[in-house]
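> Since chain A is already given, all that's left is putting chain B with the ligand on it; use the hints.
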Amino acid sequence: MSEVPGVSDAGALLLPDLDDETSAEFWAGTARGELLVQACGACGAWRMPPRPMCPACQSLSVRWVETNGNASIWSFIVPHPPLLPAYAELAPYNAIVVALDQDPTIRFVGNLLAAPNGAINEVDPATIQIGEPVRVVFQTVEDVALPRWVRR
Amino acid sequence: MTRGTQDRSDGGVLKDQTAVVGIGQTAYGKGLPDSELSLACQAISAAIDDAGLRPSDIDGLSMFSMENGREVDVARNVGLGDITFFSEVGYGGGAGCGVVGQAAMAVATGQCTTAVAWRARKRAAKTSRPWAQVDERLGGHQQWSRPFGVIRPVDEIALLTRRAMHQYGYTRDHLANVALAFRGHANRNPVATMHAKTLTREQYMNARWISEPLCLFDNCLETDGALAVVITSADRARDLPQPPAYIHSFAQSIPRQHQVMTNYFNDDPLVGPAWVCARKLWNRSDFQPADVPVAQLYDAFSPLVPLSLEGYGFCARGEGGAFTDDGTLEWPNGRLPTNTSGGGMSEAYVHGFNLILEGVRQIRGTSTNQVTDPACSLVTSGEGVPTSAILFRR
Ligand SMILES: [Zn+2]
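Taken in order, these protein sequences are the chains called A and B. So in the numbering used here, spot 134 of the first sequence is number 134, and the numbers just go up one at a time. So in the numbering used here, spot 186 of the second sequence is number 338, and the numbers just go up one at a time.
Calculated from the structure, these hints are not laboratory results. Predicted model, so just to flag it, every value in this text is computed and none were measured.
Far from chain B, some chain A residues (derived; all Cβ distances over 12 angstroms):
id, residue
1, Ala-31
2, Asp-101
3, Gly-118
Distance windows between CB atoms, simulated:
id, chain 1, residue 1, chain 2, residue 2, range
4, A, Ala-56, B, Gly-231, 48 to 54 angstroms
5, A, Ala-28, B, Asn-418, 23 to 29 angstroms
6, B, Glu-354, A, Ala-115, 37 to 43 angstroms
7, A, Asp-101, B, Gln-319, 15 to 21 angstroms
8, A, Ala-28, B, Ser-208, 55 to 61 angstroms
9, B, Asn-418, A, Leu-60, 19 to 25 angstroms
10, B, His-318, A, Gln-58, 33 to 39 angstroms
11, B, Val-224, A, Pro-55, 34 to 40 angstroms
12, A, Ala-28, B, Val-165, 47 to 53 angstroms
Using N, Cα and C, we set each Cβ at its ideal position, and we do this for glycine too.
Next comes chain A alone, as it looks inside the complex (with noise of 0.2 angstroms):
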């Protein structure tokens, strides 16, 4: 079990199932450090979230196609208690969603982070802004490599 920064109960965190059947290859992505993106086999449209048919061609192909990491902020929040202990401990905190520069319609929830090894709440919310440019970073927390973002 790896440190989380600011976290004392890494066990108590909400993370992904790694088998789900859906979109264990993207997780298995993140592991070797790479932000991957569903694509249908058949007629190429991207997705996200990951799903088993294509809303476009009802092809059941998938291919996983791998992104650049550039993103901008499309939204984000600062949550305040009552939170789930793990994240009260955190709190308040950022959680943004992004847009990838290589299709805005595709977005990740995550959160910016001053540095790559750095804590989900050290980058002073007065300062986030919509648009800012982003890339990805990889957080370990057990057996997960979830996707975070730094600005670049």
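Same frame as chain A, but now just chain B with the ligand:
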């Protein structure tokens, strides 16, 4: 009154064929000792009494999927007749008008003659606050938001709110307009949780954050309680004691590529489920937004109100914030008195079902913030989730 499109192939077959003829509820509270099943039965029983009917007259049931008390238990407790129609609608706060409208559809098509629809909810119940339940690991849509601390419904809606502030120019003053209007209505509603508590703009601005940019007063209440309505045919309604609130138009929607609550993953996330629901609602209606004198808009969070004002066509896209200026939502002088019982933010939060009863009271003329002789009365259910809406008429 302007004439809308009256295409029977577009759901118009339901128009004015059914009515809400009974309403009932329990007291609101926190930590009520009764079970959700007991609360449901009390509200249903009260609604049947209000309608001047007997429990054995009820042969249809329509409820939220989240109900703890199930159909068979409700029917055996309340002493209902032989049930020939039962259905449920999911997605929490989006289901309120859905369960009433589906009951109306069942009555109009003869699957049953008289139905009840209800919601019973206790804050402490296990199903009441799903975000507080920590599973071992997350699957489904939660895995894309919760690991990053977007955990509660307020966090999910705050992300859309910040975006609306950026893209549309919504301000905290706009959100305060909503909170203060509804609080003012609650101050004149003796059963409202916040009946005795006034709210000033200064108190709003100084309130503690819950999820910036949303503060305490942008959030709905947490309430224990139950509410129910009785729906029957227009023919039967004319012989019953209460003035019928006719179900003039009803619509539901899950817009294409919608994702429940964390709806950040489609082309245009600020165009929520209200938009499709509204298009159908007005297509099936003789009334249009300009004809509507009073509204109950789902308000789990204050920003859902300006977003709904846009979706249901009371103003243009992006203008929902500014629409709330100058007391527009306030009884009695505003253009559109809204949430006239205090709504989810100041009367009670029972997944929006109290909005339905208030919409009926406006038609009956019995609201404590009564609009003068409204020809129709709009009620909407949750925005940001698969939703529904009803337009009642006299
Ligand atoms: Zn395809």
